[in-house]
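Undergrad: Let the sequences and hints guide you as you build the complete structure.
Residue numbers (the numbering used here), protein chains in the order written: chain A, 1 to 414; chain B, 1001 to 1414.
Don't read these hints as lab results, they were simulated from the structure.
The hints are all genuine.
Sample of chain A residues at the chain B side, in silico, Cβ under 10 angstroms:
#, residue
1, L9
2, A27
3, R29
4, A34
5, E61
6, V65
7, E68
8, V229
9, F236
10, L244
11, G246
12, Q284
13, V285
The following residues of chain B were derived to be distant from chain A, with all beta-carbon distances above 12 angstroms:
#, residue
14, F1050
15, S1267
16, A1268
17, I1330
18, Y1340
Where is the CB? At the ideal position from N, CA and C, for every residue including glycine.
Number of protein chains: 2
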Amino acid sequence: MDQHLIPQLFLVLAAILIAAKLFGDLAERIGQPAVLGELVAGVLLGPSLFGIIPTQGPAAEVLHVFAELGVVLLLFEIGLETDLREMFRVGAASLAVASVGVAAPFALGFLYWLYGPTGTPDAQGATGAAIFIGATLTATSVGITARVLSDLRQMRTPEARIIVGAAVIDDVLGLVILTVVSGMAAGAAVSMGGVAQIVGLAVGFLVAAVLIGGLVVPRLFRLVDRMSVRGVLVAFAVAFAVGLAGLASFAGSALILGAFAAGVVLSATNQFDVIVRDVKPVAQVFTPIFFVSVGAAVNLTLLDPRREGAGSLLLVAGALTALAIAGKVIAGWAAPWARYRRLVVGVGMIPRGEVGLIFADIGLRSGIITEGVFSAVLLMVMATTFVVPPALKALFGPAPREIELAREGSDAAS
Amino acid sequence: MDQHLIPQLFLVLAAILIAAKLFGDLAERIGQPAVLGELVAGVLLGPSLFGIIPTQGPAAEVLHVFAELGVVLLLFEIGLETDLREMFRVGAASLAVASVGVAAPFALGFLYWLYGPTGTPDAQGATGAAIFIGATLTATSVGITARVLSDLRQMRTPEARIIVGAAVIDDVLGLVILTVVSGMAAGAAVSMGGVAQIVGLAVGFLVAAVLIGGLVVPRLFRLVDRMSVRGVLVAFAVAFAVGLAGLASFAGSALILGAFAAGVVLSATNQFDVIVRDVKPVAQVFTPIFFVSVGAAVNLTLLDPRREGAGSLLLVAGALTALAIAGKVIAGWAAPWARYRRLVVGVGMIPRGEVGLIFADIGLRSGIITEGVFSAVLLMVMATTFVVPPALKALFGPAPREIELAREGSDAAS
Chain A
1 MDQHLIPQLF LVLAAILIAA KLFGDLAERI GQPAVLGELV AGVLLGPSLF GIIPTQGPAA
61 EVLHVFAELG VVLLLFEIGL ETDLREMFRV GAASLAVASV GVAAPFALGF LYWLYGPTGT
121 PDAQGATGAA IFIGATLTAT SVGITARVLS DLRQMRTPEA RIIVGAAVID DVLGLVILTV
181 VSGMAAGAAV SMGGVAQIVG LAVGFLVAAV LIGGLVVPRL FRLVDRMSVR GVLVAFAVAF
241 AVGLAGLASF AGSALILGAF AAGVVLSATN QFDVIVRDVK PVAQVFTPIF FVSVGAAVNL
301 TLLDPRREGA GSLLLVAGAL TALAIAGKVI AGWAAPWARY RRLVVGVGMI PRGEVGLIFA
361 DIGLRSGIIT EGVFSAVLLM VMATTFVVPP ALKALFGPAP REIELAREGS DAAS
Chain B
1001 MDQHLIPQLF LVLAAILIAA KLFGDLAERI GQPAVLGELV AGVLLGPSLF GIIPTQGPAA
1061 EVLHVFAELG VVLLLFEIGL ETDLREMFRV GAASLAVASV GVAAPFALGF LYWLYGPTGT
1121 PDAQGATGAA IFIGATLTAT SVGITARVLS DLRQMRTPEA RIIVGAAVID DVLGLVILTV
1181 VSGMAAGAAV SMGGVAQIVG LAVGFLVAAV LIGGLVVPRL FRLVDRMSVR GVLVAFAVAF
1241 AVGLAGLASF AGSALILGAF AAGVVLSATN QFDVIVRDVK PVAQVFTPIF FVSVGAAVNL
1301 TLLDPRREGA GSLLLVAGAL TALAIAGKVI AGWAAPWARY RRLVVGVGMI PRGEVGLIFA
1361 DIGLRSGIIT EGVFSAVLLM VMATTFVVPP ALKALFGPAP REIELAREGS DAAS
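TA: Spelled out as structure tokens, the structure:
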């Protein structure tokens, strides 16, 4: 191993944490959620500007693991705050929102690419590219919205439950789509059986984890409570979160699905309060690494007007962004029987974050989409990610209860 | 990147944390410090037995970074608990203990290798090998002793201050020796100027960090206190620890020197209590990874009696272990003017831990020592590491104050 790897990583880590909190605080001072500041910090530290965050080599790999640990701890915390009965109450609404939120953007993207102003439906490979464009518009990145809702102290509203539930379902659907497009990229035929298997695995994992976990884990943690060694609860809680995340991934499902399930299961233990208290500082150190990394994936040079084709690139990116937003806002109206603020849910589903980037990356590497289209998709991901924090903030507004809670929060902090 | 890297790492991490706390608790139940259980957990999970902990490839690299983060957070915590005036009061004693604790084991190892029962002073390269053997016996691994003292709630005793001070000085001397032996391994001549530079750098870094930090940091953290964004204190504290550790390493000094300095500096801030409270869970998650890794470096197959040359290997290892222990116990008597329990300090300096392993590794790769000698050095490192927790525990005994504190601790935890 390069002997400078660890000191280099530690200095990058220090820069990430300091920038994340500085810009997070600045964002809050201008009335925006802290996560927006962390994304901006990422853009600044990323390769577009200061280039402090490494993008390849062992240092980038380790940072990627730190970032994934951050998003796993975030979803674990969200799981801890999730009341399962409340989730079931909004389960049908979440399922409806998630399904429409995948179908509508996919259809919009597909049709735009084939029949829109730049569409050439007869060109070779046009259908493949259109399916890819549609796919990149589907998956919601729950991290951004969850952080915004948490920053705004709205995690216990019905809208938040519907969004988190729909985002988890979206992750399952996203895995299906990922498998389908990966198969397409490899030139393989996609079977209905394969699709059914992925869906079955994800649903099965979640149900099994919550059911078995709900029976076994409270007893297990009563045993843990008899152990007197220091730090045993936080170590077991983190072990449970990363362990279930790893298992979910090996079972063919998503890391964050396992982390979320771990949180839901542990929320039923007697040691809930201590776990929440001790996991919080660990998450507060690692979660910003994830959001700064998302910001660092942004390539600002694409926006340089002197760049060849920058104009048409911006037009396509603008169209994709509009369709991405429209498709998810439509999804907000997908559960007519439930009572909630439909626009909040729709807007909450907008961010594509890293999931869209993964799809775009596969499309580029397999040659199904060109670098120009890839850049347009990147811009769409950036725009949908950055538009949501201020939009949600504006939608919630300074409700009397929120102001009161914010005052309580700052009193407790001082 | 291999797509299974992250789930694999997360499962390994879960196994490490669970095993560390299970065996830590078992160790405490039989009256031993928890860190001994973590070392045993490492041996079990390591390549000698279950082989769960990867020893090469990207997963091993990331785990190594996690382990280093763990030891950095540990030294940061120790720095936070260190009262600088108390350190200065025992500074001369620490310096004396550290100097004798390097000189005595070096001389014993050097003389044993040349003139002991297996010595061949006229053989080619014998002097080089003897210098190497002497060098591997010098450096104290502060991690083990600090954890034991912390587990036994003895960090505020004069013995603990002398040991921690001497171990930090030892790290500086260890860097000098490392540079000398690395130069020898590369066949280069070692100049007095080079040695002076390393010592100057380390001392200069520590003095500059504490002096400048002591002036600037309390003001900086008063500004941080005005920031209302969540998790700002723990993020800045961890950033300061890893940042100063990285700077120390880049300045040609040791990571843990920087982390220790960071803790000392932050112990003078107004937010000291909140920092200690929030850094603790983060350290409790990462510090066990370091000790489990140290345990996992143990190769039990060396002890297999059916192995060729296992008998003479054990004899040499036994001799080296005896010299390693004797040299540091002698060092305990190095400060005749100071009042402290000399045997406690001597025993506290015994563990060689990972520092001895680094020296042995360089010697093996450069061909200065053979694989047999390397194995003997490994066994010496293992023995000195495992012997200290029970020895310190026995030396301190169940003092009335300790029992009282232990009762307070378990009351606070329940």
